[in-house]
Amino acid sequence: MNVKIIKNYLKINLPLQKAEKTIIAFFNKNKLPTKNIKNYFKKIILIDKKIGKKYSISFKTDFGRNAEYYTGIVFLAYTKKKGQVVELARGGEYSNLLKTLGYKKDIPALGGAINLNQLINL
5 MNVKIIKNYL KINLPLQKAE KTIIAFFNKN KLPTKNIKNY FKKIILIDKK IGKKYSISFK
65 TDFGRNAEYY TGIVFLAYTK KKGQVVELAR GGEYSNLLKT LGYKKDIPAL GGAINLNQLI
125 NL
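If you count by the numbering used here, then the sequence shown holds residues 5 to 126, one letter each, in order.
One should not assume that every hint holds.
What the hints assert, rightly or not - 30 Å max Cα-Cα, derived DSBU-like pairs, lysine-lysine: (1) Lys15 <-> Lys86; (2) Lys103 <-> Lys42; (3) Lys103 <-> Lys84; (4) Lys54 <-> Lys15.
Stated by the list, open to error - Distance ranges between label pairs, derived from CB positions: (5) Lys86 <-> Lys15: 24 to 32 Å; (6) Lys42 <-> Gly116: 20 to 28 Å; (7) Asn43 <-> Arg94: 21 to 29 Å; (8) Tyr82 <-> Tyr44: 31 to 39 Å; (9) Asn34 <-> Ile118: 30 to 38 Å; (10) Lys25 <-> Arg94: 25 to 33 Å.
Quick caveat, the hints were computed from the structure, so don't treat them as lab data.
For clarity, every value in this text was computed on a predicted model and none was experimentally measured.
From the three backbone atoms N, C-alpha and C, an ideal C-beta is built for every residue, glycine too.
Please model the complete structure; the sequences and the hints are all you need to start from.
So, in C-alpha cells, the structure goes:
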C-alpha cells in the first residue's frame, strides 16, 4: 500500500454522521475494497443511533490501540475539563480472541473499561 494513501487516511477526523460517506469515497478513490468498511459502519451507525443524540461522536482514523486482539471498532470516550482531555472509557471489538485462546469457535465480543475515578471527579 502506498505511504501517501496511509498518511492521507490518518488525517481524516470528522463528525460521525459524515464518516461513512467520506471513508467509502476515500476507499473508492484509492481503489481499496469497501466491503469490510461497510460492515463496520453498520455497527458504528447502530452505536450512533443509541447514544449519538446525547453526545458528540467523532470519527478519527489516527485513533487506535496497540493491542493486537482488537479485530474491529475501537473506542475512546472522553470529555474536556479545564481545557484538558479526561478519558472516561475505552475498549473495542475482539471477536476472535476466545478462539485464539483455544475456544472451539469465534464468539462476537465487544468490551471496555470505565474510569470510575474520572467519572466521580467530573
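Cross-check of the supplied hints:
Pair hint Lys15 plus Lys86 holds up; C-alpha atoms about 26 Å apart against a cutoff of 30 Å. About 24 Å separates the Cα atoms of Lys103 and Lys42, which keeps this hinted pair within 30 Å; it holds. Proximity of Lys103 to Lys84 is assessed by CA-CA distance (about 38 Å); at most 30 Å being required, the pair is judged violated. About 27 Å separates the Cα atoms of Lys54 and Lys15, which keeps this hinted pair within 30 Å; it holds.
The hinted window of 24 to 32 Å between Lys86 and Lys15 holds, with their beta carbons roughly 28 Å apart. Our hint of 20 to 28 Å for Lys42 and Gly116 holds, since their Cβ atoms are close to 24 Å apart. Between Asn43 and Arg94 the Cβ separation comes to about 22 Å, which falls inside the hinted range of 21 to 29 Å. Hint check: Tyr82 to Tyr44, Cβ distance near 21 Å, so the stated range 31 to 39 Å is violated.
A hinted range of 30 to 38 Å for the beta carbons of Asn34 and Ile118 is consistent with their spacing of about 37 Å. Under the hint 25 to 33 Å, the C-beta atoms of Lys25 and Arg94, about 26 Å apart, fit the expected range.
Hint check: violations occur at hints 3, 8; the rest are consistent with the structure.
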